[in-house]
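Here the protein sequences line up with chains A and B, keeping their order.
Mapping the first sequence onto our numbering, position 120 (from 1) lands on 120, and the numbers just tick up by one.
Quick note: to get our numbering, add 330 to the position in the second sequence (first position is 1).
Mixed in with the good hints there might be a few duds.
What the hints assert, rightly or not - Computed footprint of chain B on chain A, listed as stretches where at least three residues anywhere in the stretch have a Cβ under 8 Å from a Cβ of chain B:
#, stretch
1, 139 to 151
2, 225 to 234
What the hints assert, rightly or not - Restricting the straight-line Cα-Cα distance to at most 16 Å, the calculated cross-link-like pairs of lysine to aspartate or glutamate (EDC-like) are:
#, chain 1, residue 1, chain 2, residue 2
3, A, 233, B, 481
4, B, 811, B, 546
5, A, 233, B, 986
To be verified - Cβ-to-Cβ under 10 Å is the rule here; a few derived chain B residues that face chain A:
#, residue
6, 366
7, 406
8, 438
9, 589
10, 929
11, 931
12, 989
13, 991
14, 994
15, 995
16, 999
17, 1047
Hints are computed from structural coordinates only; laboratory data are not their basis.
Bear in mind that the values here come from a model prediction, so they are computed numbers and not experimental data.
Think of the CB as a built atom: it goes at the ideal place given N, C-alpha and C, for glycine as much as any other residue.
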Amino acid sequence: MQAFEYARPTTAEAAVALLGSQWGDSEVLAGGTDLVSLMKDYVVSPKRLVSLKDIKSLGGIEYKPKSGLRLGATVTFQELLDSPEIARNYPALVQAAQGVTSPQIRSRGTVGGDLCQRPRCWYFRLGYGLLAQSDGKPLVPDGDNRYHAILGNEGPAYFVNPSSLAPILIALGAKVRVQGQQGVREVSLHNFFITPKSAEEREYALQPNEMLTDILVPPPEGIHMALYEVRQKEALDWPLAAAAVAFKLSGGKVDDPRVVLGHVAPVPWPSLEAEHALEGNTVGEASADEAGKAAVSRATPLSKNAYKVKLAHVAVKRAILAAAKGGANA
Amino acid sequence: MANCKYDWPEAKDRKLIGKRISRIDGHEKASGRARYTFDMNPGNLLFGKILRSPYAHAKIKSVDTSEAEKLPGVVSVVVMKPVGKEPQPEIQWAGDEIAAVAATREEIAEDAIRKIKVEYDPLPFFVNEEDLSQAEGHTKPAVTEKKGDPEKAFQDPDVVTSEGYYGVPVITHCCLETHGHVVDWPDSKSLRVYASTQGVSAIGGQFADPLEIRADDVNIICNYVGGGFGSKFAVDTWGIAAAKLSKSAGGKPVKLLLERDHELLVAGARPSAFAKVRVAAKKDGTLVAWDSESWGTGGMGGSGVPPIPYPFHDKFPNFSRKHTFVSTNIGPSRAWRAPNHPQACLITMGAIDDLAAKLNMDPVELLMKNADLAPDPTLAKYYREELEVAAKLADWHKNWHPRPDKTAGTVKRGLGVSLHTWGGNPHAGNCAVSIHPDGSVEVKLGSQDLGTGTRTVIAIVVAETLGLPVDAVKVTIGDSKYPPDGPSGGSTTVGGVSGSTRRGAVNARDAFFAAIAPALGAKPEDLEAVDWHVRVKGNAAKTLTWKQACAKLGVKSIEATGAQKPRYTTEEQKTECVLNSGGVGGVQIADVSVDTETGIVRMNRMVAAQDCGLIIDLKTAESQVHGALIMGVCYALYEEKIMDRQTGRMLNPNMEFYKLAGIGDVGELVVHMMTGPGYDERGVIGLGEPPVISPGAAISNAVANAIGVRVPTLPLTPDKVLAAIEKGGMA
Ligand SMILES: Cc1cc2nc3c(=O)[nH]c(=O)nc-3n(C[C@H](O)[C@H](O)[C@H](O)COP(=O)(O)OP(=O)(O)OC[C@H]3O[C@@H](n4cnc5c(N)ncnc54)[C@H](O)[C@@H]3O)c2cc1C
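Take the sequences, apply the hints, and build the full model.
In structure tokens:
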């Protein structure tokens, strides 16, 4: 690992002032569970790490029935899991955190780090760049793409967004607060994720000298929510496909549904097709299955990942059924 | 064989042998006090790292280490593929070693290897062997064999034939403690090596020639091993490199243990095996004919040939088979726990299970019927008994159903059965046993405990022989200074060490009795050692505590030796006795649930009925089987060395995508060891390997039973399970 400078500022403003204006100069260090591995593998070699450890304002969980939930960027998975307010009001968020079954990652990994973690594409991690290219040729289409994207995969990005928290947060309409040199801005989490067009870009809408400070989730009133992740193992592993849903029921009919898929595209993938299919329907096996089918209707699987189309379909169906069963938040 | 002096005690006299005894180093390990090679951090330590080729096949034009040498903190550099002499070095797999660096800090060594400049001439490579039609130019015939008249047998109108395709990909050993050494030179001629090895007494010589030193000037030390599974018999190029780095650093200790990715790239792989099979039986289930065309890769060199049809190879009435080696640039293979057998088992037991389905027969019944095809009648008898025990423990007659599971719902349950055999004869070895005047007892041998319980077994044998509790015996192993013992491979260790230490302990006891008999006013042959006492047989008045008896030795300890030879002539058997043998059987039943919408297989239960002759420690024997079942679940459901055809590199050299089961993934494990009359008389037989042979087949068969169709190759991942269901299952 290349030698680096280690900075430990105490305010968010000071932190961003320490970040460089180009990707790669410096990196934000939260729990380090992803970043340190990337550095040991020489996938990223920053000259400076800006640790968030001493910035008190980045911690904390606050819930108010009127305004909803604020999660500080450095809240850990474990803190999220230990919060009775989150358990009561956002059960699907708990499901998402529970999917990360490693106690070590739960106690070190942060919610901000979960949203900003880098793709797990094995070509990227072996050093072929974010877009997995060798001599300008993309390696994914003709390579082993069993875990790659089935949607939004027209290239040049084929990886999948790895975050377990993002799909459900987007389904709940979450926003994030971003601290920049000029001050603070708010972005909907949906717009926070982008599909990079070049290997020099990132997968999220931050400037190199910006950082994420808070996650803001609207009140859950009347919302049925669930996350379903298709996981081959109980031990620490990545989902093969995931679906988050949130909707209201009025007179037994689905109202204003949100369906967001995970692990199927370079970004968390809101499915308008599934939402249309669900809107105004009663929830049952058949309508849930229809929505699942709609969610993958435009899937374009690669050579080795057609099975993920079926998994995403099933994940949507099961998430919808679980959400309806789970009851709404009062 | 009664009355041979080393014979194992009669069942009624056994105080320790065959009981459930906790491993004597359990606390050390669980508390983290046990020091593995990875834990050795002597003062002045240097860290060694290796630069590896990113190309799967290339010639090396030049290696320039000057920039690395200039980096502050770098102490020594060794080029492992020197250029200059003809022929030009050629790399045959990505990950092959180019050069090594030792530095004062780990990160400096990592940075330094990246400063080494290597010019490669990349060459074409081949890394995916499953599709044999793509392997032209990379194949070599390995075995062609024929027995009886299979074609005629297949044509008999009264037989039922099943055809299928079965396979197991290359997997890695993935030792939790990676391969490597901590090496230093106490003086310019002698080398001290803390090794993570399966052969404490065996590997020293491998350092001698390359370093131009004497084999007996190499001291190998290894007290604990974090997994070997057949991959840790060589000191490897990196062991030699570590010694050279240390030498040019003035003898300072160098720690060179592989990175996780390197462990998975180069330090052990199990050959693949794929087969197209036809197998036929009479309508009553009697197996009559087998025909297979199989292939597999073990890297560039050959690999073993799976002994199909397994384990019926020798007795199968009519068969023909052809096996082809495929050379690939994927890295070398190594012995993997029961080499070639898990592959042979999946291929044969999978094919036979499909045939049973075609015959509308219960596969347990079919195996029962054909048990006489076992290599010998004893094993046939064992198979029948084990099939019965396993079926009972798995509630087979209640839980098994013909294919598929026809109950409602998306999750289907299935049961599958398999059986296996293995040798397990002892290796040769020696030991020294001392009884000291203060009552302490020590046994020393240059053996190793791979986590199997070797230490504990040795303590039990010596304690049983001397009438002591287990913890009264000090077991000293793990150093090549001690009497040499064989390497731990082929399930030979328990036979080897129990044979040598039984003889050593009997010899020590007899010498001890001879020394103290006069003090008791008795003849040596009238003495016995029981319950921590020495007494005159039949005369309770003449009893000494063990300590009192030892005190009679004065100042002179008893020093005795014991040996286990690889084999004994009939004549030798009369005096040396027969303490062990080989040839075990085992039956396993898997019980699984398959989510037919996601293709995910969950383990409900694995049942194993296993024999291994006379069991020294029932608890550690059961643990061996538990470990094997877990390893079996891993390779049945998750493991695969995934090679990229474009870059020639392994895509999952990490424990994230090289998937292994966690505790929640293995289900319930039920182990039954076959013991008592009919089993114990065979003496001690090795157990490490046999129980890992069947799980792949049993689990694959269980999945087929659940969904009604074979998933042809392991691992049984969701993509393959869904594809099988779509193709012809019950979806
Ligand atoms: C085998 C395995 C399985 C896993 N499975 C899952 C899973 O199923 N689901 C899942 O969601 N995760 C999973 N994880 C990943 C884990 O959740 C992440 O490593 C963790 O969330 C990262 O958090 P961190 O605080 O350690 O981030 P760090 O490692 O500190 O940072 C990660 C990245 O985010 C950037 N970053 C961090 N915080 C900020 C911020 N506030 N502003 C701007 N940039 C920031 C860093 O610069 C870095 O690039 C898995 C990991 C492993 C190894």
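Hint-by-hint comparison with the structure:
1. 139 to 151: holds (count 6)
2. 225 to 234: With 5 residues close enough to chain B, the hint holds.
3. 233(A) <-> 481(B): 45 Å, violated
4. 811(B) <-> 546(B): 9 Å, holds
5. 233(A) <-> 986(B): 12 Å, holds
6. 366: With a minimum Cβ separation of about 20 Å from chain A (threshold 10 Å), the hint on residue 366(B) is violated.
7. 406: 21 Å, violated
8. 438: Since chain A brings a Cβ to about 9 Å from residue 438(B), closer than 10 Å, the hint holds.
9. 589: Check passed: Cβ of residue 589(B) comes within 9 Å of chain A, closer than 10 Å.
10. 929: Where the cut-off is 10 Å and the nearest Cβ of chain A is about 7 Å from residue 929(B), the hint holds.
11. 931: Where the cut-off is 10 Å and the nearest Cβ of chain A is about 8 Å from residue 931(B), the hint holds.
12. 989: Holds: closest Cβ of chain A sits about 6 Å from residue 989(B), inside 10 Å.
13. 991: 6 Å, holds
14. 994: With Cβ-Cβ at 3 Å, under 10 Å, it holds.
15. 995: 5 Å, holds
16. 999: 16 Å, violated
17. 1047: For residue 1047(B), the interface hint holds, since the closest Cβ of chain A sits about 7 Å away, which is under 10 Å.
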